[in-house]
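Chains as they are written, first to last, in our numbering: chain A, 54 to 329; chain B, 54 to 329; chain C, 54 to 329; chain D, 54 to 329.
Incorrect hints may have been included.
Because identical chains cannot be distinguished in the list, a pair is counted as satisfied if it fits within a single copy or across any two copies.
Derived pair list, reagent style DSS-like, types lysine-lysine, alpha-carbon separation capped at 25 Å [claimed, not checked]:
| hint | residue 1 | residue 2 |
| --- | --- | --- |
| 1 | Lys141 | Lys296 |
| 2 | Lys71 | Lys296 |
| 3 | Lys296 | Lys317 |
| 4 | Lys317 | Lys208 |
| 5 | Lys134 | Lys317 |
| 6 | Lys132 | Lys308 |
| 7 | Lys141 | Lys198 |
| 8 | Lys308 | Lys198 |
| 9 | Lys141 | Lys308 |
| 10 | Lys71 | Lys308 |
| 11 | Lys248 | Lys198 |
| 12 | Lys317 | Lys248 |
| 13 | Lys208 | Lys248 |
| 14 | Lys198 | Lys296 |
| 15 | Lys308 | Lys296 |
| 16 | Lys132 | Lys317 |
| 17 | Lys296 | Lys132 |
| 18 | Lys132 | Lys208 |
| 19 | Lys317 | Lys198 |
| 20 | Lys134 | Lys198 |
| 21 | Lys124 | Lys248 |
| 22 | Lys134 | Lys296 |
| 23 | Lys134 | Lys248 |
| 24 | Lys71 | Lys208 |
| 25 | Lys71 | Lys248 |
| 26 | Lys141 | Lys71 |
| 27 | Lys208 | Lys198 |
| 28 | Lys317 | Lys141 |
Hints in this document: simulated from the structure, not taken from any laboratory.
Each chain, written out:
Protein chains: 4
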Amino acid sequence: MNYILTTECTDDVGLIAKITNLCFEHTLNITRNNEFVDTAGQRFFMRTELTGQPSDNFLTQLRQQLPSGAKVTMHGEEKTKVVLLATKEAHCLGGVLLKQFEQALNIEILAVVANYPDLAPLVEGFGVPYHFISHEGLSRAEHDKAVGDLVESYKPDIIGLAKYMRILSPEFVARFNNRIINIHHSFLPAFIGAKPYHQAFERGVKIIGATAHFVNDELDEGPIIAQNVTQVSHADTAQAMAKMGRDIEKTVFCKALQLASEHKVFINDNKTVVFS
Amino acid sequence: MNYILTTECTDDVGLIAKITNLCFEHTLNITRNNEFVDTAGQRFFMRTELTGQPSDNFLTQLRQQLPSGAKVTMHGEEKTKVVLLATKEAHCLGGVLLKQFEQALNIEILAVVANYPDLAPLVEGFGVPYHFISHEGLSRAEHDKAVGDLVESYKPDIIGLAKYMRILSPEFVARFNNRIINIHHSFLPAFIGAKPYHQAFERGVKIIGATAHFVNDELDEGPIIAQNVTQVSHADTAQAMAKMGRDIEKTVFCKALQLASEHKVFINDNKTVVFS
Amino acid sequence: MNYILTTECTDDVGLIAKITNLCFEHTLNITRNNEFVDTAGQRFFMRTELTGQPSDNFLTQLRQQLPSGAKVTMHGEEKTKVVLLATKEAHCLGGVLLKQFEQALNIEILAVVANYPDLAPLVEGFGVPYHFISHEGLSRAEHDKAVGDLVESYKPDIIGLAKYMRILSPEFVARFNNRIINIHHSFLPAFIGAKPYHQAFERGVKIIGATAHFVNDELDEGPIIAQNVTQVSHADTAQAMAKMGRDIEKTVFCKALQLASEHKVFINDNKTVVFS
Amino acid sequence: MNYILTTECTDDVGLIAKITNLCFEHTLNITRNNEFVDTAGQRFFMRTELTGQPSDNFLTQLRQQLPSGAKVTMHGEEKTKVVLLATKEAHCLGGVLLKQFEQALNIEILAVVANYPDLAPLVEGFGVPYHFISHEGLSRAEHDKAVGDLVESYKPDIIGLAKYMRILSPEFVARFNNRIINIHHSFLPAFIGAKPYHQAFERGVKIIGATAHFVNDELDEGPIIAQNVTQVSHADTAQAMAKMGRDIEKTVFCKALQLASEHKVFINDNKTVVFS
Numbered sequence: 054m055n056y057i058l059t060t061e062c063t064d065d066v067g068l069i070a071k072i073t074n075l076c077f078e079h080t081l082n083i084t085r086n087n088e089f090v091d092t093a094g095q096r097f098f099m100r101t102e103l104t105g106q107p108s109d110n111f112l113t114q115l116r117q118q119l120p121s122g123a124k125v126t127m128h129g130e131e132k133t134k135v136v137l138l139a140t141k142e143a144h145c146l147g148g149v150l151l152k153q154f155e156q157a158l159n160i161e162i163l164a165v166v167a168n169y170p171d172l173a174p175l176v177e178g179f180g181v182p183y184h185f186i187s188h189e190g191l192s193r194a195e196h197d198k199a200v201g202d203l204v205e206s207y208k209p210d211i212i213g214l215a216k217y218m219r220i221l222s223p224e225f226v227a228r229f230n231n232r233i234i235n236i237h238h239s240f241l242p243a244f245i246g247a248k249p250y251h252q253a254f255e256r257g258v259k260i261i262g263a264t265a266h267f268v269n270d271e272l273d274e275g276p277i278i279a280q281n282v283t284q285v286s287h288a289d290t291a292q293a294m295a296k297m298g299r300d301i302e303k304t305v306f307c308k309a310l311q312l313a314s315e316h317k318v319f320i321n322d323n324k325t326v327v328f329s
Numbered sequence: 054m055n056y057i058l059t060t061e062c063t064d065d066v067g068l069i070a071k072i073t074n075l076c077f078e079h080t081l082n083i084t085r086n087n088e089f090v091d092t093a094g095q096r097f098f099m100r101t102e103l104t105g106q107p108s109d110n111f112l113t114q115l116r117q118q119l120p121s122g123a124k125v126t127m128h129g130e131e132k133t134k135v136v137l138l139a140t141k142e143a144h145c146l147g148g149v150l151l152k153q154f155e156q157a158l159n160i161e162i163l164a165v166v167a168n169y170p171d172l173a174p175l176v177e178g179f180g181v182p183y184h185f186i187s188h189e190g191l192s193r194a195e196h197d198k199a200v201g202d203l204v205e206s207y208k209p210d211i212i213g214l215a216k217y218m219r220i221l222s223p224e225f226v227a228r229f230n231n232r233i234i235n236i237h238h239s240f241l242p243a244f245i246g247a248k249p250y251h252q253a254f255e256r257g258v259k260i261i262g263a264t265a266h267f268v269n270d271e272l273d274e275g276p277i278i279a280q281n282v283t284q285v286s287h288a289d290t291a292q293a294m295a296k297m298g299r300d301i302e303k304t305v306f307c308k309a310l311q312l313a314s315e316h317k318v319f320i321n322d323n324k325t326v327v328f329s
Numbered sequence: 054m055n056y057i058l059t060t061e062c063t064d065d066v067g068l069i070a071k072i073t074n075l076c077f078e079h080t081l082n083i084t085r086n087n088e089f090v091d092t093a094g095q096r097f098f099m100r101t102e103l104t105g106q107p108s109d110n111f112l113t114q115l116r117q118q119l120p121s122g123a124k125v126t127m128h129g130e131e132k133t134k135v136v137l138l139a140t141k142e143a144h145c146l147g148g149v150l151l152k153q154f155e156q157a158l159n160i161e162i163l164a165v166v167a168n169y170p171d172l173a174p175l176v177e178g179f180g181v182p183y184h185f186i187s188h189e190g191l192s193r194a195e196h197d198k199a200v201g202d203l204v205e206s207y208k209p210d211i212i213g214l215a216k217y218m219r220i221l222s223p224e225f226v227a228r229f230n231n232r233i234i235n236i237h238h239s240f241l242p243a244f245i246g247a248k249p250y251h252q253a254f255e256r257g258v259k260i261i262g263a264t265a266h267f268v269n270d271e272l273d274e275g276p277i278i279a280q281n282v283t284q285v286s287h288a289d290t291a292q293a294m295a296k297m298g299r300d301i302e303k304t305v306f307c308k309a310l311q312l313a314s315e316h317k318v319f320i321n322d323n324k325t326v327v328f329s
Numbered sequence: 054m055n056y057i058l059t060t061e062c063t064d065d066v067g068l069i070a071k072i073t074n075l076c077f078e079h080t081l082n083i084t085r086n087n088e089f090v091d092t093a094g095q096r097f098f099m100r101t102e103l104t105g106q107p108s109d110n111f112l113t114q115l116r117q118q119l120p121s122g123a124k125v126t127m128h129g130e131e132k133t134k135v136v137l138l139a140t141k142e143a144h145c146l147g148g149v150l151l152k153q154f155e156q157a158l159n160i161e162i163l164a165v166v167a168n169y170p171d172l173a174p175l176v177e178g179f180g181v182p183y184h185f186i187s188h189e190g191l192s193r194a195e196h197d198k199a200v201g202d203l204v205e206s207y208k209p210d211i212i213g214l215a216k217y218m219r220i221l222s223p224e225f226v227a228r229f230n231n232r233i234i235n236i237h238h239s240f241l242p243a244f245i246g247a248k249p250y251h252q253a254f255e256r257g258v259k260i261i262g263a264t265a266h267f268v269n270d271e272l273d274e275g276p277i278i279a280q281n282v283t284q285v286s287h288a289d290t291a292q293a294m295a296k297m298g299r300d301i302e303k304t305v306f307c308k309a310l311q312l313a314s315e316h317k318v319f320i321n322d323n324k325t326v327v328f329s
């Protein structure tokens, strides 16, 4: 059996030795290991791929040897459970659905929830449940409550905002704290806010991009997981940039979900640690 | 109305002036123009975006002014008609279907023909006809004949081989001469032939790629339309490379179809001219 | 003989036909042509590579046929004359000097002017005059006057700011209006101002970049000529990003000078048109 | 003090635990660690960044705990010593010299040896000794002997072939076994041999590249260290590709020397392990 052990704690001397020793004692063979120490923040992060059969008390012993407050998790080969939120645009949503169909991502898309009915045929074509919850006639709090209740009923590990064009209430963000991944259609922190491709066109940039990030209460300010870019020229209108940008958005959003599903992403205050 | 005029002929002095003059006389306004002269081969290629209303005799007059044998075509805003051939792999096929669904490509996928039934649900989910023609019990000539007859019945502009894992007979290639676009899973001319990712792994390269090309009678030797690459490392197995490569294949295949549908690709002997 | 004709004027119908016709009448053969119409701004830009021997009145006739106010220039094969301004950092300056030595750029570096003496050995090793004008004891106006007088004595086409770490006075900018190219060590408009790599580190971005732009009176707001980026990770400190960034800065700065020297860059209000 | 420990041996269970334990016992703090197991070849590779003060017997104890035949090395902060071989082309040679001048590489260039005198001014401008050993009138064996004796007198860690346009004799290769890094002007294994840019032009590829590799007895077949690529088009002649390629060659060659100087490159049979 293959396992992934993730460890996150206050930094201390000898942490790698302690963890790898305990693995050795439990005859868990390390096939891949990544670690990072944030020296300024005094935080230690480690991701360890293991083969073997961990006994019941492995994690208990490990926690005893680590600084108090350590977060230690052992993942088997189960897929990461994802609910996607969408509005009307197909590219990010379809990109992830197609990747799941290709078996290219270690995720299971449990459902799609959207505030418009448009994307139902696409989603249902992939055999995934589609829930349409209109925002019309509802306050933001009411709509977020309805969407949140439905999302929660699926018990997802990750909520992916596949171009969900609504600003989430702080209550919604808090409810799924550190589990919401958004795709923003600019190379953050450039062009925060609305209509980034129009902003990019007006500024005359030669490269545009997209950013996947965790959502927190400040718009477009959450920890960045992945970014990518593409060249543009003076001949590209804002509309052309938007069209080119959709490819980047799709790529970056899928990449962020893939990284999260492989347990390679750790939140470190307002940043991420992303192991390769 | 918007039009695209493509011109291809033996090179001569003053060709641009002749063509642009005639456009001016016919009150066709040039909004974008690209041209290329292959000085060694003495060939002239031009692609002109126009607005206006071309009269019936515009093309006739144009041909009279150009060297004999000139190929001149005026395209309106109609979509490029495509039939896709597939086997079992979903990524290139699904990539194009999704792009069509997003309205990101100026193509209309008329049908998919496959030698296995596996991809029917994917294709039919997008509302596209799926034809399964097994190769079992048929000679290559018989199978190619059956597939070719079906393809021809759709009168496509382009036949896209979306990971169609069969070698086409010279008869099939000749039947759809200069209209078949293949995606090869290597950065040609490296790793021609079978199992390119295994070859790449064995050689220890640090970059892998994919190549879209027109198909001619020599395996993997047709004119190249588009290529792209991605970084790999010692830690990537041949299987991991294949997985990473599928993303590149999907991107490059869609790119080649997009370029062809925008009338930006010209065949120039064993190479292409691809306007940006 | 090879020539490059650049045309810039108010847009009108038939401009390409007029220009290419006149070339044909003067037996100037067009080997490459690029044009762009800014439809919102109603501006026409064209760059034409020619072979032949233009007669004296070619440009006069051309101007008569174009809308009033047209800027028309014919460039022969002479090199673009450049004066570089520097401070203490070697990478952008050395990058351009090396490229000149390799004969990879169509430029002639007339001199380097710096406000520190540190880079004299590097510059003089390439046989280029080095002028040290300390800013100590001088007001900004006095220093800019002294530097400007020296620069002007060389009659350069382009002034390249090769990591010149001083803010230029509006008088200096006006004196060399539209001829000053700066390299900024961020992917503008992200991280405008001081210490962009520290800003990038604090924000936790996954890609950093550099931007070459014309200088106007607003800091880091001039028309962008070229940009490029590179991937970074959580493990890269601000210092590591700065080091990686220097490679991008060097590349982008050389690219901008190359484009300018090939007469491929036009200023279009607060943006550029850059032909490929 | 900072150290880099490199370990290479037959794979076994518990190796990471053994090594990190011993570090802990010797109060060596691990600040960064990379390891890789080639499961097919049963080889273990590890690179460990340490702070602390290793005692005399640390390496002795380490070797005792590892499988027999283990290669273990502790590097302090000393620079990697490099001798560069060149012919007439300046770009790779100048690129490395400039990088050393910028203090961007952890290398010390001891000398340049060339079979032409042309590059002496460039090299001496950077204060580096230049030795001209003409191949005229000498057999290959004689010339290689003369060059090899001179190179050996400098006791370099790495011999960099900065576009050294001569085929090395097996004797020379054996003499500096696993220490010679070459830059090849193609994206290997495409276009092995002479005139790769002409080959690339003839084939009509859309991307060209360069490859840095260790030299062994088979031409262009040594273990690959780094590769990079750039887009080209139909409009690029073989000469234009060569010019664009020189930038990639320079970048890749510098990258390979940087990786080697940071002790991140291990030879694994006919491939490399390159830690990031």
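Here is how each hint holds up against the structure:
1. Lys141 <-> Lys296: within (15 Å within a copy, 29 Å between copies)
2. Lys71 <-> Lys296: Classified as neither: same-chain Cα gap 50 Å, cross-chain 34 Å, threshold 25 Å.
3. Lys296 <-> Lys317: Between copies only: 18 Å across chains, 30 Å inside a chain, cut-off 25 Å.
4. Lys317 <-> Lys208: within (21 Å within a copy, 43 Å between copies)
5. Lys134 <-> Lys317: within (15 Å within a copy, 37 Å between copies)
6. Lys132 <-> Lys308: within (16 Å within a copy, 31 Å between copies)
7. Lys141 <-> Lys198: within (20 Å within a copy, 42 Å between copies)
8. Lys308 <-> Lys198: neither (29 Å within a copy, 42 Å between copies)
9. Lys141 <-> Lys308: Cα proximity of Lys141 and Lys308: in one copy and across copies (21 Å, 24 Å).
10. Lys71 <-> Lys308: neither (32 Å within a copy, 35 Å between copies)
11. Lys248 <-> Lys198: Close neither inside one copy (27 Å) nor across copies (43 Å); limit 25 Å.
12. Lys317 <-> Lys248: Close neither inside one copy (31 Å) nor across copies (30 Å); limit 25 Å.
13. Lys208 <-> Lys248: neither (33 Å within a copy, 41 Å between copies)
14. Lys198 <-> Lys296: This pair counts as neither: shortest intra-copy Cα distance 33 Å, inter-copy 39 Å.
15. Lys308 <-> Lys296: For Lys308 and Lys296, the Cα distance is within 25 Å both inside one copy (19 Å) and across copies (13 Å).
16. Lys132 <-> Lys317: within (14 Å within a copy, 34 Å between copies)
17. Lys296 <-> Lys132: Result: close only across copies, 17 Å inter versus 32 Å intra.
18. Lys132 <-> Lys208: within (13 Å within a copy, 44 Å between copies)
19. Lys317 <-> Lys198: Result: close neither inside a copy nor across copies, 30 Å intra and 50 Å inter.
20. Lys134 <-> Lys198: within (21 Å within a copy, 46 Å between copies)
21. Lys124 <-> Lys248: Neither way: Lys124 and Lys248 sit 39 Å apart in one copy and 34 Å across, limit 25 Å.
22. Lys134 <-> Lys296: Cα proximity of Lys134 and Lys296: across copies only (21 Å, versus 29 Å in one copy).
23. Lys134 <-> Lys248: neither (31 Å within a copy, 33 Å between copies)
24. Lys71 <-> Lys208: Answer is neither; intra-copy 34 Å and inter-copy 41 Å both fail.
25. Lys71 <-> Lys248: neither (50 Å within a copy, 39 Å between copies)
26. Lys141 <-> Lys71: Close neither inside one copy (50 Å) nor across copies (47 Å); limit 25 Å.
27. Lys208 <-> Lys198: Within. Shortest intra-copy distance 15 Å satisfies the 25 Å Cα cut-off; inter-copy 52 Å does not.
28. Lys317 <-> Lys141: neither (30 Å within a copy, 30 Å between copies)
Hint compliance for this structure: hints 2, 8, 10, 11, 12, 13, 14, 19, 21, 23, 24, 25, 26 and 28 are not met, and every other hint is.
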